[in-house]
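Put together the whole structure using the sequences plus the hints.
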Amino acid sequence: MLSLSPGTAPIEKAWHLAQNANMWRITDDFWDDWQMLKNMFVRCEMWQTHVAPGCWPDCDMLPLGRIGVKFGRGHRTCFTPAEQKTMLTLWSIFRSPLMLGAELPSLDEATLALLTNRDVLRLNRHSFGARQIARNNACAVWVSRDEDGSRYAALFNLSDAPRAVGLELAELEGDAFDCRELWTGETLRAQGTLQCEIEPHGAKLFKLK
Numbered sequence: 001m002l003s004l005s006p007g008t009a010p011i012e013k014a015w016h017l018a019q020n021a022n023m024w025r026i027t028d029d030f031w032d033d034w035q036m037l038k039n040m041f042v043r044c045e046m047w048q049t050h051v052a053p054g055c056w057p058d059c060d061m062l063p064l065g066r067i068g069v070k071f072g073r074g075h076r077t078c079f080t081p082a083e084q085k086t087m088l089t090l091w092s093i094f095r096s097p098l099m100l101g102a103e104l105p106s107l108d109e110a111t112l113a114l115l116t117n118r119d120v121l122r123l124n125r126h127s128f129g130a131r132q133i134a135r136n137n138a139c140a141v142w143v144s145r146d147e148d149g150s151r152y153a154a155l156f157n158l159s160d161a162p163r164a165v166g167l168e169l170a171e172l173e174g175d176a177f178d179c180r181e182l183w184t185g186e187t188l189r190a191q192g193t194l195q196c197e198i199e200p201h202g203a204k205l206f207k208l209k
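Everything in the sequence shown is counted per the numbering used here, starting at 1 for the first residue and increasing by one.
The set of hints was computed from the structure by calculation and includes no laboratory data.
One or more hints might be untrue.
Stated by the list, open to error - Below, simulated EDC-like cross-link-like pairs (lysine to aspartate or glutamate); rule was C-alpha separation at most 16 Å, straight line:
hint, residue 1, residue 2
1, K70, D29
2, K209, D119
3, K38, E83
4, K209, D160
5, K70, D119
6, K209, E173
7, K70, E103
8, K209, D146
9, K209, E186
10, K209, D178
11, K209, E147
12, K209, E181
13, K38, D160
14, K38, E12
15, K209, D148
16, K38, D60
17, K38, D28
As the list claims (entries may be wrong) - Label pairs and their calculated CB-CB ranges:
hint, residue 1, residue 2, range
18, N136, S3, 30 to 38 Å
19, E147, D175, 21 to 29 Å
20, W15, P105, 36 to 44 Å
21, G74, Q195, 36 to 44 Å
22, E103, A170, 42 to 50 Å
23, E103, T193, 40 to 48 Å
24, L2, E186, 18 to 26 Å
25, G174, P105, 41 to 49 Å
26, D148, A176, 29 to 37 Å
C-beta atoms are modelled at their ideal positions from N, C-alpha and C, and glycine is treated no differently.
This is the structure in structure tokens:
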């Protein structure tokens, strides 16, 4: 496997990258900063049609746990728990390679639980057709499909206050679904619209059948 780290890969060279590499960075060094994370929604939208088996646009390493140790200024991630969930939800539905840039022996249980969620890892490994169907300064919505025929919906609150974020189920070619939120295990039945209240900078990730 060939993985390239050219800084921000130029989108106009996507065809060349796909022909000659398996992974390539679509951003400069990514750190635990909310504005950098918010900007990744723009980058992922730009590259969403170039994700394919053997070709993985790379959102860079996950700054979780204790980071920056080798630079002599190690610190716990500045991302809040909500922002950590948002980052992993976006990386996973976009199907970015998941690489952890942390001091492993000091991983806390909450971080370990995020990184080992089997349902979220399945999304990253076995989904396809991910696309961002809505985004503004306050919220974003992504959808994709699973190999087993089910659908995924990721709802993001990008604002600084609690907000209701919704999805018209017609976007998923249906009008009613049984939904399970993959981070909490919460289940609900959605008819016509899937909508929920989300904490600031947070995300909800649903599998729908």
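Evaluated hints:
Taking the CA atoms of K70 and D29, the gap is near 15 Å; set against the 16 Å cutoff, the hint holds. About 14 Å separates the Cα atoms of K209 and D119, which keeps this hinted pair within 16 Å; it holds. For the hint pairing K38 with E83, the CA-to-CA distance comes to about 10 Å; that is within 16 Å, so the pair holds. Straight-line distance between C-alpha atoms of K209 and D160 comes to about 31 Å, which puts the hinted pair past the 16 Å bound.
The suggested pairing of K70 with D119 is violated, with an alpha-carbon distance near 32 Å, which exceeds 16 Å. Pair hint K209 plus E173 holds up; C-alpha atoms about 12 Å apart against a cutoff of 16 Å. A hinted pair counts as satisfied when its Cα atoms are at most 16 Å apart, and K70 with E103 qualifies at roughly 9 Å. With a CA separation close to 10 Å, the supplied pair K209 and D146 stays within the 16 Å bound.
Between K209 and E186 the CA atoms are separated by roughly 14 Å; this keeps the pair inside 16 Å, and the hint holds. Proximity of K209 to D178 is assessed by CA-CA distance (about 5 Å); at most 16 Å being required, the pair is judged to hold. At roughly 12 Å between alpha-carbon atoms, K209 and E147 fall within 16 Å of each other, so this suggested pair holds. Of the pairs offered as hints, the one joining K209 and E181 holds, with about 12 Å between alpha carbons and a cut-off of 16 Å not exceeded.
Pair hint K38 plus D160 holds up; C-alpha atoms about 12 Å apart against a cutoff of 16 Å. Only pairs whose Cα atoms come within 16 Å are accepted, and K38 paired with E12 is rejected, the gap being roughly 22 Å. At most 16 Å may separate the alpha-carbon atoms for a hinted pair to count; K209 and D148 meet this at roughly 10 Å. A hinted pair counts as satisfied when its Cα atoms are at most 16 Å apart, and K38 with D60 qualifies at roughly 14 Å.
Of the supplied pair hints, the one linking K38 and D28 holds, its CA atoms being roughly 14 Å apart against a limit of 16 Å. Look at N136 against S3: about 33 Å separates their beta carbons, and that is inside 30 to 38 Å. For the pair E147 and D175, the supplied restraint of 21 to 29 Å holds, since their beta-carbon distance comes to about 23 Å. At about 42 Å, the CB distance of W15 to P105 agrees with the hint of 36 to 44 Å.
The hint said 36 to 44 Å for the Cβ distance between G74 and Q195, and at roughly 41 Å that hint holds. In this structure, E103 and A170 meet the distance hint of 42 to 50 Å, their C-beta atoms being roughly 46 Å apart. Hint check: E103 to T193, Cβ distance near 43 Å, so the stated range 40 to 48 Å holds. Between L2 and E186 the C-beta distance comes to about 40 Å, which lies outside the given range of 18 to 26 Å.
Checked against the given bound of 41 to 49 Å, the beta carbons of G174 and P105, roughly 46 Å apart, stay inside it. The beta-carbon spacing between D148 and A176, approximately 18 Å, falls outside the hinted interval of 29 to 37 Å.
Hints 4, 5, 14, 24, 26, counting from the list given before, are not met by this structure.
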